[in-house]
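Asker: Residue-level listing of the chains:
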Amino acid sequence: MNRANLLIKASPWLFTIGLFLFWEAVVRVFNIPTFFLPPPSLIAQAFVEFAGPIARNSWITLETTLIGFALAVGFGLLLGLVVGWSRAIYAGLYPLMIGFNAIPKVALVPILVLWFGIGFVPAVLTAFLISFFPIVVNVATGLATIEPELEDVLKALGASKLDIMRKVGIPRTLPYFFGSLKVAITLAFVGSVISESVASNYGIGNLMLQAQAQFQVPLIFAGLVALAIEGIVMYALMAMLEKRMTGWAQRSGFGQT
Amino acid sequence: MSAFVSLENVSHAYAGAEGAPAVEGLSLDVEEGEFAAVVGPSGCGKSTLMKLATGLQFPFKGSVTVAGERVTHPVKIAGMAFQAPTLLPWRTTLDNLLLPLEIVQPYRGEMRRRKPEFAARAETLLGSVGLRDQGRKFPWELSGGMQQRASLCRALIHEPKLLMLDEPFGALDAFTREELWCVIRDLHASRKITVILVTHDLREAVFLADRIFVMSARPGRVVVERRIELPRPRDLEVTFTTQFQDIVHELRAHIVKARQ
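Here the protein sequences line up with chains A and B, keeping their order.
If you want the numbering used here, it's the 1-based position in the first sequence plus 1279.
If you want the numbering used here, it's the 1-based position in the second sequence plus 14.
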């Protein structure tokens, strides 16, 4: 039991280290040129060598992403509640949202640049635009799946729609909402990096673009690793938040064996 | 004296539903304090009857009267329980019981001031259905039968005059079901409450009810009304007597005919 637990605790690290070892081995065994695929050792070296710029730009990307994400949470929650509130609004807005979500957000960056100039603002907005959709859909789904019997029990007592929303709708939507935050935060990173690499002088996206121009392939990969780390940390934070806020919804033992 | 719950020549069709209405020409009277059971083939509009009597749906023809008032809005003096317990998983069992009091007046306005009193009432109610000291547990920590008991308590917490039960024991095993029959029997006896039980279990109906209404296939209306003269209080043993079995057989024959 204890040993099994230890294994589960250690397994993410083992798998990650395993992946990098495998990568290193493949590069060495097949003698792959470092400008094509640098080995992890070289990437680590670049990481140390360019620690300053990487840290600075990571911070900028993180800031951009978090502001965009915060906007997405506020707007997504609000729109989700509105869409979940009324069948008519749901029917009206849903095709529009699907259509909007189908647009590649990179195609919006030039328009945003046209409106706001290059740099910080379009990156924040891209992060926002790409990440609000899953939040809206999840909140609306949570509201739309209230048990009809429970609704009857409350309606028969004279509950208004707002009462049902407050007492049942919103609490039961929270697991969907917090679940969607995990998806949304990773999408927000995608948005900000896209915009940074197309239209900004700062951020990891821009750093990677410059590294590519100077053919510093290990630095490109170091940028990717920095992004991955930020993504994992933020995801873990969201997962922790989810667990804290909606412990009652996570009592299933599925997958624990 | 006129009936406590009265449906007169009621027809109802759901909006958007094609073809036959759910119920047509349905008439039925239930006296105050009476235990009525409604049985019938599946899809005969039993659940529609529930919704009509509680003011969740309104008929396009005929009239529904509860406690002397024409039903034009939800009937707040009714409590409801269904086959699924529908307890809220994020609330403790006790807080689940308090939910109706947070909605219905006059309790709603007094919730903050009288909460300890209400909580005590909920504890007493839980005790009366054999759930003493279970109030602090979450619903998902209780067995199916216990959840259903809690669901009954939730239906009774605001001291309704009318209790509507829609196949409340359908999902339980036979032994738990019989246990809960006795719980309902005792609640009815001690509170003098009017009960309308919708069920497809004829033994359940005969054991619990003063009067049984048999409904026809869709569109539903009452085809047979049968008074059950078995003396009260009834013990589970009564279900094994020939008198009991004869009534069940007789009703069964009506349902078989209604299905055709």
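In short, the hints are calculated from the structure, not lab data.
Some hints could be false.
[Stated by the list, open to error] Think about it this way: if two alpha-carbon atoms lie no more than 20 angstroms apart in a straight line, the pair counts; the simulated SDA-like pairs of lysine to any residue are:
hint: 1; chain 1: A; residue 1: 1446; chain 2: A; residue 2: 1504
hint: 2; chain 1: A; residue 1: 1522; chain 2: B; residue 2: 205
hint: 3; chain 1: A; residue 1: 1446; chain 2: B; residue 2: 251
hint: 4; chain 1: A; residue 1: 1446; chain 2: B; residue 2: 125
hint: 5; chain 1: A; residue 1: 1446; chain 2: B; residue 2: 105
hint: 6; chain 1: A; residue 1: 1440; chain 2: B; residue 2: 70
hint: 7; chain 1: A; residue 1: 1446; chain 2: B; residue 2: 138
hint: 8; chain 1: B; residue 1: 151; chain 2: A; residue 2: 1450
All values derive from a computational prediction rather than experimental measurement.
Asker: Hint by hint, note whether the structure agrees.
Answerer: Hint by hint, here is what the structure shows:
Only pairs whose Cα atoms come within 20 angstroms are accepted, and residue 1446(A) paired with residue 1504(A) is rejected, the gap being roughly 44 angstroms. Of the supplied pair hints, the one linking residue 1522(A) and residue 205(B) is violated, its CA atoms being roughly 43 angstroms apart against a limit of 20 angstroms. A distance of roughly 43 angstroms separates the Cα atoms of residue 1446(A) and residue 251(B); the hinted pair therefore is violated under the 20 angstroms criterion. Taken as a hint, the residue 1446(A) and residue 125(B) pair is honoured in the structure, with Cα atoms around 14 angstroms apart against an allowance of 20 angstroms.
With a C-alpha separation of about 10 angstroms, the suggested pairing of residue 1446(A) with residue 105(B) holds against the 20 angstroms cut-off. Of the supplied pair hints, the one linking residue 1440(A) and residue 70(B) holds, its CA atoms being roughly 13 angstroms apart against a limit of 20 angstroms. Of the pairs offered as hints, the one joining residue 1446(A) and residue 138(B) is violated, with about 24 angstroms between alpha carbons and a cut-off of 20 angstroms exceeded. Between residue 151(B) and residue 1450(A) the alpha-carbon distance is near 18 angstroms, which keeps this suggested pair within the 20 angstroms criterion.
In terms of the numbered hints stated before, the structure departs from hints 1, 2, 3 and 7, listed from lowest to highest.
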